[in-house]
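Asker: Sequence:
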Amino acid sequence: MIHFFDQPVSHIALPERFTYPFNYTPHPLCVLAAEEVKAYISTKKEWQEELALGKMFGVLIIQTLEEGSSSIGYLAAFSGNLAGKNLHPYFVPPVYDLLQPQGFFKIEEEQISAINVRISALEVNPHYLHLKEKLDRETEQTRLALIQAKEELKTAKKERELRRKSSPALSEEEQDTLIRESQYQKAEF
Numbered sequence: 003m004i005h006f007f008d009q010p011v012s013h014i015a016l017p018e019r020f021t022y023p024f025n026y027t028p029h030p031l032c033v034l035a036a037e038e039v040k041a042y043i044s045t046k047k048e049w050q051e052e053l054a055l056g057k058m059f060g061v062l063i064i065q066t067l068e069e070g071s072s073s074i075g076y077l078a079a080f081s082g083n084l085a086g087k088n089l090h091p092y093f094v095p096p097v098y099d100l101l102q103p104q105g106f107f108k109i110e111e112e113q114i115s116a117i118n119v120r121i122s123a124l125e126v127n128p129h130y131l132h133l134k135e136k137l138d139r140e141t142e143q144t145r146l147a148l149i150q151a152k153e154e155l156k157t158a159k160k161e162r163e164l165r166r167k168s169s170p171a172l173s174e175e176e177q178d179t180l181i182r183e184s185q186y187q188k189a190e191f
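To convert, count from 1 in the sequence shown and add 2; that's our numbering.
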């Protein structure tokens with residue numbers, strides 16, 4: 003189910019984030035994976051008539067980590083049914099298989115439900131709520147401190163400008179002092 007590229011890809015940097023698939027320039031690894039999927043489906047002569055009507059395929063770039071090394075590959079998927087089936091060896095299985103009620107989703111549904119129950123319990127846990135409240139307070143205090151620090155920077159900048167204007171003949175040492183003050187305050191911010 004995991005496919006590794008037919009050609010070396012170590013020179014291509016991994017995507018930094020998951021991208022919005024409907025309005026962006028595809029990452030080079032996605033383009034390469036899509037080309038490999040197109041090559042694969044072109045070998046399936048029995049699918050060609052159905053594919054001519056249109057079918058959505060997708061790829062997901064993955065990185066495997068095994069014994070301290072990693073490999074870049076991809077998963078391939080298609081929407082709906084293909085050739086009357088929704089399970090084909092090259093592609094990931096559907097999460098919910100309408101054609102197979104005892105399929106992957108039904109088998110895993112109990113575990114998913116247990117995770118949801120655990121999440122619900124954690125969301126009302128007094129310790130969690132206390133920590134969340136503390137985080138909210140700290141976040142607000144930080145936001146207010148940043149606002150105050152920005153105001154202090156503005157005030158200090160205005161004071162330096164005023165000193166420059168009121169004393170047009172500042173010595174080089176005084177100018178350096180004003181510059182250092184500005185740099186220090188920006189660094190502290």
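Hint data in this document are derived by calculation from the structure and do not stem from the laboratory. Heads up, some of the hints might be wrong.
Unchecked claim - Only pairs whose alpha carbons sit at most 16 Å apart, straight line, appear in this in silico EDC-like list of lysine to aspartate or glutamate:
(1) Lys160 / Glu175
(2) Lys87 / Glu52
(3) Lys87 / Glu48
As the list claims (entries may be wrong) - Simulated restraints, written as ranges between beta carbons of each label pair:
(4) Pro128 / His13: 47 to 57 Å
(5) Pro128 / Ser168: 56 to 66 Å
(6) Lys87 / Ala116: 26 to 36 Å
(7) Lys87 / Leu146: 55 to 65 Å
(8) Lys46 / Asn118: 32 to 42 Å
(9) Trp49 / Ile109: 52 to 62 Å
(10) Gly56 / Arg145: 47 to 57 Å
(11) Ala147 / Ser168: 44 to 54 Å
(12) His29 / Gln113: 45 to 55 Å
(13) Thr144 / Leu124: 17 to 27 Å
(14) Gln113 / Arg145: 34 to 44 Å
(15) Gln113 / Phe59: 21 to 31 Å
(16) Ile149 / Glu69: 21 to 31 Å
(17) Leu55 / Asn118: 53 to 63 Å
Built from N, CA and C at the ideal position, the CB exists for glycine as well.
Asker: Now, for every hint given, state plainly whether the structure supports it.
Answerer: Against the structure, the hints:
| no. | hint | result |
| --- | --- | --- |
| 1 | Lys160 / Glu175 | violated, 19 Å |
| 2 | Lys87 / Glu52 | holds, 12 Å |
| 3 | Lys87 / Glu48 | holds, 13 Å |
| 4 | Pro128 / His13: 47 to 57 Å | holds, 52 Å |
| 5 | Pro128 / Ser168: 56 to 66 Å | holds, 59 Å |
| 6 | Lys87 / Ala116: 26 to 36 Å | holds, 31 Å |
| 7 | Lys87 / Leu146: 55 to 65 Å | holds, 59 Å |
| 8 | Lys46 / Asn118: 32 to 42 Å | holds, 38 Å |
| 9 | Trp49 / Ile109: 52 to 62 Å | violated, 28 Å |
| 10 | Gly56 / Arg145: 47 to 57 Å | holds, 50 Å |
| 11 | Ala147 / Ser168: 44 to 54 Å | violated, 31 Å |
| 12 | His29 / Gln113: 45 to 55 Å | violated, 32 Å |
| 13 | Thr144 / Leu124: 17 to 27 Å | holds, 25 Å |
| 14 | Gln113 / Arg145: 34 to 44 Å | holds, 39 Å |
| 15 | Gln113 / Phe59: 21 to 31 Å | holds, 29 Å |
| 16 | Ile149 / Glu69: 21 to 31 Å | violated, 50 Å |
| 17 | Leu55 / Asn118: 53 to 63 Å | violated, 38 Å |
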